[in-house]
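Hey, can you work out the whole structure from these sequences and the hints?
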Amino acid sequence: MTAVVTSGVDDRDAGAASGLMNTTKQVGGVLGLAVLVSTTTSTGRTAPELVADYAHAFLLIACALAAVAALALALPVHRDAKNQAKLPSTCIIRSGTPV
Numbered sequence: 001m002t003a004v005v006t007s008g009v010d011d012r013d014a015g016a017a018s019g020l021m022n023t024t025k026q027v028g029g030v031l032g033l034a035v036l037v038s039t040t041t042s043t044g045r046t047a048p049e050l051v052a053d054y055a056h057a058f059l060l061i062a063c064a065l066a067a068v069a070a071l072a073l074a075l076p077v078h079r080d081a082k083n084q085a086k087l088p089s090t091c092i093i094r095s096g097t098p099v
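Sequence positions in the sequence shown follow the UniProt record's numbering and run 1 to 99.
Don't read these hints as lab results, they were simulated from the structure. Don't take each hint at face value.
[What the hints assert, rightly or not] Okay, derived cross-link-like pairs now, SDA-like style, lysine to any residue, Cα gap no bigger than 20 Å in a straight line:
hint: 1; residue 1: Lys25; residue 2: Ser7
hint: 2; residue 1: Lys25; residue 2: Thr2
hint: 3; residue 1: Lys25; residue 2: Val37
hint: 4; residue 1: Lys25; residue 2: Gly8
hint: 5; residue 1: Lys25; residue 2: Leu71
hint: 6; residue 1: Lys25; residue 2: Val35
hint: 7; residue 1: Lys25; residue 2: Leu60
hint: 8; residue 1: Lys25; residue 2: Val68
hint: 9; residue 1: Lys25; residue 2: Asp53
hint: 10; residue 1: Lys25; residue 2: Asp13
hint: 11; residue 1: Lys25; residue 2: Gly15
hint: 12; residue 1: Lys25; residue 2: Ala52
hint: 13; residue 1: Lys25; residue 2: His56
hint: 14; residue 1: Lys25; residue 2: Leu50
hint: 15; residue 1: Lys25; residue 2: Thr41
hint: 16; residue 1: Lys25; residue 2: Ala14
hint: 17; residue 1: Lys25; residue 2: Ile61
hint: 18; residue 1: Lys25; residue 2: Cys63
hint: 19; residue 1: Lys25; residue 2: Val9
hint: 20; residue 1: Lys25; residue 2: Met1
hint: 21; residue 1: Lys25; residue 2: Ala72
hint: 22; residue 1: Lys25; residue 2: Ala62
hint: 23; residue 1: Lys25; residue 2: Ala55
hint: 24; residue 1: Lys25; residue 2: Ala67
hint: 25; residue 1: Lys25; residue 2: Val51
hint: 26; residue 1: Lys25; residue 2: Tyr54
hint: 27; residue 1: Lys25; residue 2: Ala3
hint: 28; residue 1: Lys25; residue 2: Val4
Just so it is clear, the structure is predicted and the values come from calculations on it, not from any experiment.
Here it is as structure tokens:
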């Protein structure tokens, strides 16, 4: 994922783009976990209430994933000739003699 994020920026800004991507990923994970934990522990005092809370949390996860998938499909695809020429050279797998 880092290669995709940094492929659209200048070489001098690649470190900042990578850091921003990692920070966004960490903050998103923390906030998502906090929301899910708060939904599962809000009312569950007995086993049936806890099961209902977990079902609600899984429904919330499914809705969030569906919304993100719809957003990803709606985003325009940006192809730049400069980055198209640069990307294959970073993706080449070089193999040599096994050690």
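Quick rundown of the hints versus the structure:
1. Lys25 with Ser7: Distance of about 18 Å is within 20 Å: holds.
2. Lys25 with Thr2: With a Cα-Cα distance of about 11 Å, the restraint between lysine 25 and threonine 2 holds, given a limit of 20 Å.
3. Lys25 with Val37: 18 Å, holds
4. Lys25 with Gly8: 18 Å, holds
5. Lys25 with Leu71: 17 Å, holds
6. Lys25 with Val35: 15 Å, holds
7. Lys25 with Leu60: The hint holds at about 19 Å.
8. Lys25 with Val68: 14 Å, holds
9. Lys25 with Asp53: The hint is violated at about 26 Å.
10. Lys25 with Asp13: 18 Å, holds
11. Lys25 with Gly15: It holds: about 15 Å lies between the C-alpha atoms, which stays within 20 Å.
12. Lys25 with Ala52: 29 Å, violated
13. Lys25 with His56: Violated, because 24 Å separates the two Cα atoms, which is more than 20 Å.
14. Lys25 with Leu50: 29 Å, violated
15. Lys25 with Thr41: Between lysine 25 and threonine 41 the Cα gap is close to 24 Å, so the pair fails against 20 Å, i.e. violated.
16. Lys25 with Ala14: 16 Å, holds
17. Lys25 with Ile61: 16 Å, holds
18. Lys25 with Cys63: Since the Cα atoms of lysine 25 and cysteine 63 sit roughly 19 Å apart, the hinted pair holds (cutoff 20 Å).
19. Lys25 with Val9: 19 Å, holds
20. Lys25 with Met1: Satisfied, since the Cα-Cα distance of roughly 11 Å is no more than 20 Å.
21. Lys25 with Ala72: 16 Å, holds
22. Lys25 with Ala62: With a Cα-Cα distance of about 19 Å, the restraint between lysine 25 and alanine 62 holds, given a limit of 20 Å.
23. Lys25 with Ala55: 25 Å, violated
24. Lys25 with Ala67: Distance of about 17 Å is within 20 Å: holds.
25. Lys25 with Val51: 29 Å, violated
26. Lys25 with Tyr54: 24 Å, violated
27. Lys25 with Ala3: Answer holds: lysine 25 to alanine 3 is near 15 Å, not above 20 Å.
28. Lys25 with Val4: With Cα atoms ~14 Å apart, lysine 25 and valine 4 stay inside 20 Å; holds.
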